[in-house]
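Take these sequences, add in the hints, and give me the full structure.
Which chain is which? The protein sequence lines are U and R, in order.
Mind the numbering: the first sequence is residues 1 to 340 in the UniProt record's numbering, read in order.
Mind the numbering: the second sequence is residues 1 to 340 in the UniProt record's numbering, read in order.
Hints are computed from structural coordinates only; laboratory data are not their basis.
It is possible that part of the hints are untrue.
Unchecked claim - With a cut-off of at most 25 Å between alpha-carbon atoms, the simulated BS3-like pairs for lysine-lysine come out as follows: (1) U/LYS259 x U/LYS284; (2) R/LYS45 x U/LYS45; (3) U/LYS317 x R/LYS59.
What the hints assert, rightly or not - Derived coverage of chain U by chain R (criterion: at least 3 residues anywhere in the stretch with Cβ under 8 Å from a Cβ of chain R; other residues may be distant): (4) 15-29; (5) 114-125.
What you are looking at is a predicted structure, and each value in this text was computed from that prediction instead of being measured.
C-beta atoms are modelled at their ideal positions from N, C-alpha and C, and glycine is treated no differently.
Protein chains: 2
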Amino acid sequence: MAVYTEITDEELSEFLVGYDIGHLTAFRGIAEGVENSNFLLRTEKDGRESDYILTLYEKRVNPDDLPWFLGFMRHLATQGVSCPLPVCGRDGEALRTLAGRPAAITTFLSGVWPRHIHSEHCHPLGEALARLHQAGDSYAPVRPNSLGPDAWRPLLEDINGFGGPAAGKLDYIPERVSDEIISELCCALDRILATWPGGHNQVDLPRGQIHADMFPDNVFFRDHQVSGLIDFYFACTDLLAYDVAICLNAWCFNDDGTKFNETFARQLIAGYESVRPFSSAERKILPLLCAGAAMRFALTRMYDWISTPPGAMVTRKNPMDYIHRLRFHLAVDNSGVYGV
Amino acid sequence: MAVYTEITDEELSEFLVGYDIGHLTAFRGIAEGVENSNFLLRTEKDGRESDYILTLYEKRVNPDDLPWFLGFMRHLATQGVSCPLPVCGRDGEALRTLAGRPAAITTFLSGVWPRHIHSEHCHPLGEALARLHQAGDSYAPVRPNSLGPDAWRPLLEDINGFGGPAAGKLDYIPERVSDEIISELCCALDRILATWPGGHNQVDLPRGQIHADMFPDNVFFRDHQVSGLIDFYFACTDLLAYDVAICLNAWCFNDDGTKFNETFARQLIAGYESVRPFSSAERKILPLLCAGAAMRFALTRMYDWISTPPGAMVTRKNPMDYIHRLRFHLAVDNSGVYGV
Numbered sequence: 001m002a003v004y005t006e007i008t009d010e011e012l013s014e015f016l017v018g019y020d021i022g023h024l025t026a027f028r029g030i031a032e033g034v035e036n037s038n039f040l041l042r043t044e045k046d047g048r049e050s051d052y053i054l055t056l057y058e059k060r061v062n063p064d065d066l067p068w069f070l071g072f073m074r075h076l077a078t079q080g081v082s083c084p085l086p087v088c089g090r091d092g093e094a095l096r097t098l099a100g101r102p103a104a105i106t107t108f109l110s111g112v113w114p115r116h117i118h119s120e121h122c123h124p125l126g127e128a129l130a131r132l133h134q135a136g137d138s139y140a141p142v143r144p145n146s147l148g149p150d151a152w153r154p155l156l157e158d159i160n161g162f163g164g165p166a167a168g169k170l171d172y173i174p175e176r177v178s179d180e181i182i183s184e185l186c187c188a189l190d191r192i193l194a195t196w197p198g199g200h201n202q203v204d205l206p207r208g209q210i211h212a213d214m215f216p217d218n219v220f221f222r223d224h225q226v227s228g229l230i231d232f233y234f235a236c237t238d239l240l241a242y243d244v245a246i247c248l249n250a251w252c253f254n255d256d257g258t259k260f261n262e263t264f265a266r267q268l269i270a271g272y273e274s275v276r277p278f279s280s281a282e283r284k285i286l287p288l289l290c291a292g293a294a295m296r297f298a299l300t301r302m303y304d305w306i307s308t309p310p311g312a313m314v315t316r317k318n319p320m321d322y323i324h325r326l327r328f329h330l331a332v333d334n335s336g337v338y339g340v
Numbered sequence: 001m002a003v004y005t006e007i008t009d010e011e012l013s014e015f016l017v018g019y020d021i022g023h024l025t026a027f028r029g030i031a032e033g034v035e036n037s038n039f040l041l042r043t044e045k046d047g048r049e050s051d052y053i054l055t056l057y058e059k060r061v062n063p064d065d066l067p068w069f070l071g072f073m074r075h076l077a078t079q080g081v082s083c084p085l086p087v088c089g090r091d092g093e094a095l096r097t098l099a100g101r102p103a104a105i106t107t108f109l110s111g112v113w114p115r116h117i118h119s120e121h122c123h124p125l126g127e128a129l130a131r132l133h134q135a136g137d138s139y140a141p142v143r144p145n146s147l148g149p150d151a152w153r154p155l156l157e158d159i160n161g162f163g164g165p166a167a168g169k170l171d172y173i174p175e176r177v178s179d180e181i182i183s184e185l186c187c188a189l190d191r192i193l194a195t196w197p198g199g200h201n202q203v204d205l206p207r208g209q210i211h212a213d214m215f216p217d218n219v220f221f222r223d224h225q226v227s228g229l230i231d232f233y234f235a236c237t238d239l240l241a242y243d244v245a246i247c248l249n250a251w252c253f254n255d256d257g258t259k260f261n262e263t264f265a266r267q268l269i270a271g272y273e274s275v276r277p278f279s280s281a282e283r284k285i286l287p288l289l290c291a292g293a294a295m296r297f298a299l300t301r302m303y304d305w306i307s308t309p310p311g312a313m314v315t316r317k318n319p320m321d322y323i324h325r326l327r328f329h330l331a332v333d334n335s336g337v338y339g340v
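This is how it looks when you write it as structure tokens:
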């Protein structure tokens, strides 16, 4: 929730010369996207004002991945998915440099992300996700999921070792994760990875481009419809049903993850299947994928939790919220629970 | 630089029912204003979109002062000063409640605040400040300056005592300000307060409504003109020339305060005097007022510096930047240095 990089007027003016979007009339830092610096950019051209978002990519995004992300957004937008459309400079390039960082301008999307989730959000969300998957089908470039199952064991080992030698390099004392939680996660991880679908030849478990981070603050609604999907910087090529599993985790529990909302899940699945019905293999494997998704967010939150100084103004998200979800999914023996 | 308060959709919808500004089409957190939570609010009414800023007042603003601030902004806006105009609800009230906090909607101002100050910013800035002073003349309510000279000695005593008993109540070890700096500030403060103009009967030192925080990030420019003044939450009734002294400190030094820029000062003063010429008493007292303004920002920055945990993500501003300025002003023996 912060603007990290300040841009001088000279840098900004010089940067905008590279675009044919008119002259700058307003410029405000936007408090969203923990990973990058975002600014509202308003320009006037031929007497008409337009809004854009200027994003500076901070160090958590690998610059080598940016052409893939921007290409994916452009592809989706041209396929009719309402997502930020990267704006090309006069030289035809959307990815440029500003204040020493990779930067891009995209279109501004209207709508409001839901602070409280209601049942009526879930059907349109499911539809929008399925449309994204369909539209992504014709985007050929592949980006492996860098936070997929291969990353989970190393993450857990890092977390377990955090109070160890690494702690000496920090200027604060990191919190220890309890041995019980570490043991529980080790067991759960063994169980998940033992049956996780491997190989790319499983035709009944369709792979494709997924958003991989479709949390409520990345989905704008307007007039009860999805008006925009944002933040494609975790998008990657993976199992399509895994993206649904992420949404089931993100949208269909109370905040602390102790209560699953079956109505929300049914609506989400119904919305998704109204556009792209699941294969029977996808239906069957959904509890495992949901447990994997819960594991992914529990681990990255835990990592961020222990590597963030306690006094920092950044909101540390409680990893327990996802450990509760993980326990729920591991106890599910039938996908019917999710409404499929 | 942070959104502090999250608002639920229900709270926001219910809040907006109280206004006749149309229905919500976009809502984004704005990363500006350390003191309050600000949101860009876009609404559509009769097929036309309009932008507003929604501000939630956080605990550093005294709610009792809000009617004065909002009244002042409304007064200035109706007098032609380009500042946020508070929007009244259907009941005629601009100050309302949202998410348990005082809240107001104001108009959105275009323009960009200068990240690097150039000579050409300073003349229009001076003009805008003088116009603000003139327009404020007909705003009768009085708000004493809570960070004026009466507040400086208690602040310095708090800073000096910070490593003492108060430290035990904090969960971190506050930095100590060196004894040399404390001594230097005590001497400077004695000297400043000994000759600070007192009483309200000095007709040759005009008093009125001042902005009192006109730093570059509170002044928007567009097409080389001032297009907006924002952040009136330090505004108060005080010596008009003291507001100029604040601007001389904020705009006419390099960042760390070690180098005074006489050209910028000349432009600022020329701009100001093109609208409202100084009295001879104001001219004469300017070095003292500049020293007082430097003292005020040195003290509040020092207080914030030592009372902010080192790991916090909030930008701590170095108080030395203003101690350097203070030393400069105390060595000035002639207002000609400032270009008057």
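Take a quick look at whether U/LYS259 and U/LYS284 sit within 25 Å of each other, Cα to Cα.
-> Between U/LYS259 and U/LYS284 the Cα gap is close to 22 Å, so the pair holds against 25 Å.
Three residues minimum, CB to CB under 8 Å: does the segment 15-29 of chain U make the cut for coverage by chain R? Let me know.
-> Since three or more residues must qualify, the claim that chain R covers the segment 15-29 of chain U holds, with 6 doing so at under 8 Å.
Measure nothing beyond the straight line between the CA atoms of U/LYS317 and R/LYS59; if it is 25 Å or shorter, mark the hint as holding.
-> 24 Å, holds
Restraint status (C-alpha distance of R/LYS45 to U/LYS45 at most 25 Å) = 23 Å, holds
Can you take a look at whether the segment 114-125 of chain U is actually covered by chain R? Rule is 3+ residues, C-beta closer than 8 Å.
-> holds (count 3)
Of the numbered hints stated above, none is contradicted by the structure.
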